[in-house]
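Chains as they are written, first to last, in the numbering used here: chain A, -8 to 202; chain B, 472 to 811.
Honestly, the hints are just simulated from the structure, not real lab data.
From the three backbone atoms N, C-alpha and C, an ideal C-beta is built for every residue, glycine too.
One or more hints might be untrue.
A partial selection of chain B residues facing chain A, derived with a Cβ cut-off under 8 Å [as the list claims (entries may be wrong)]:
id	residue
1	Phe655
2	Leu718
3	Gly720
4	Pro725
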Amino acid sequence: MLEFRQVRKSYNDSAPILDIAALTLATGIYWLQGANGTGKTTLIRILAGIVPFLGDTLINGHSQRREPVAYRQLIGWADAEPLYPGFLTGQDLVNFYSGILHPESNQIAYLLRRLQIGDWVGTRLAGWSSGMTKKLALLLAFLGRPAWILLDEPLITLDEAGLAGLLTLIGEYRDRYGAGFLLSSHQLLPTGRLPHTQNLILINRSIQLIS
Amino acid sequence: MRIRGHIWNKILVRAFYREHSGFFLFIFLVFFGVVQPSTQLYFHYALIRGILESPAFMGLVALAWVLYGLRVRRSIIQTFGDPDARFLYKVNALSPRRTITQCVRSSAALFGPVIGYAVIIGAVAIARNATVKAIEVLGYVALLVAAIAWEMRRRLKYPGLNAANLRRSGWRPPVTYGSILLRFLLAENKGVTAAVKIFSCAMVYLLLRLQTPDDYDLRMPILAYSLALFGHGILLHRCRKLETTRLLGYRSLPVKKLRWMAQYALFCIVLLSPEIIVLGWLTPHPIRLVDALAFAGLGYVILLLLYGILLAWTVKPADYFKLCLVLFGILYILVLKTWG
């Protein structure tokens, strides 16, 4: 369960970009839509614990304010256009994240296979295309046992095989581990690609569920 | 045409000078701060004569200019690789002649200080009837400008050119957060890191070496050492920029506050280790153990303070540099008041 409590965010003392009084999302897959500039990325980053904000968010009862470590154990996050230090290899980053998240022994190999970046993971990230970098960001978001996975614009820059791998992963994590997903995009979800998805819209600085 | 040139200048040239403002100030202080104003002209004339007359000195200057060129090249690669600057590739739509002209102009602007100094050397050489030397110096700088322009053109022509980075790596050191920051300094900031560390260690070594039991005064060594430590601000600022751009995901990871702080504490110790080694080398003579510990402690506190400021607030490089100068001023007054 994902809860928002008086979440308010503004930049440089301007009018708030987000103002969500109270909202609870049961575990599931949510497709968050909104026009450019409505605050989708900000919202995802607030939930990921990256952007400072007023109020609080909770995952399965764990407060981001009061239990920041326990809260962060339960989230996985991938940015829309991820950037990583070019002097590191993909393996370096995977090892670094693994040292903190302690994934099961076969999880990395499984994710590498699903997202098809196994051949590249030992090379420096400076030579990676944006699509490959995106796949690495997705891998890192799925690492460990996140209860909620937050993916900002997950479909952009992915090739068809990568997209298929991602959608399979989402289905598997939901069915096997009961993970929830918040996927943001300014586009509509391609029809039939992800069943049982609920639509959310970010409008007037708040979130509304579209039935 | 004018708008294009303006945007290029803003993205490539002004950004370069802004980013390296600390370095240029350092060079300025070294060149103009060490000599009394009345002897400035004579000092620089003697320096230029030395460059023209001594092949070794000339070689050193040529090497320094090559290092400057490498720094310019790295900056260009970074800019062209930056997603925010992708629109620069639009210049490919122009005729090759205009593209090349743009590249040469930008390259010359990036080499502004080098060209300026080379012209002065050339003028002195001509005045001393050494026209060949003048041609050599100016030709050398022209070659450097052309090489950077060519590199710029090549990067524009082949977007995403990064073959060197595709090589498979062999053994990789263990990955910790501090090690990523250190690798960042060594991989992407070699020149600045080397300059800051060499200056800092040289200050410690040279000024402490002069101490004798009869004339034991640590005020100047402390001030010079702290100036060098505040120079580390440029490295720390770059590390912080890396954290807020390419290591953003780290903030979403479940890391305990204590571990988080310990990583920075360890990083600062490792960063300070060359100075600590030099201090250890100079202990107990010519510097007393207690003073060596004070030096190391002061250095560590300054580094932690500088990083702490960056962690607490988002500060632009220029403001951060000013803040470092203010802190140095406070320390300067404290040192003089305490030991004056």
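Against the structure, the hints come out as follows:
no.	hint	in the structure
1	Phe655	holds (6 Å)
2	Leu718	holds (7 Å)
3	Gly720	holds (6 Å)
4	Pro725	holds (4 Å)
Violation of the numbered hints given earlier is absent; every hint is satisfied by the structure.
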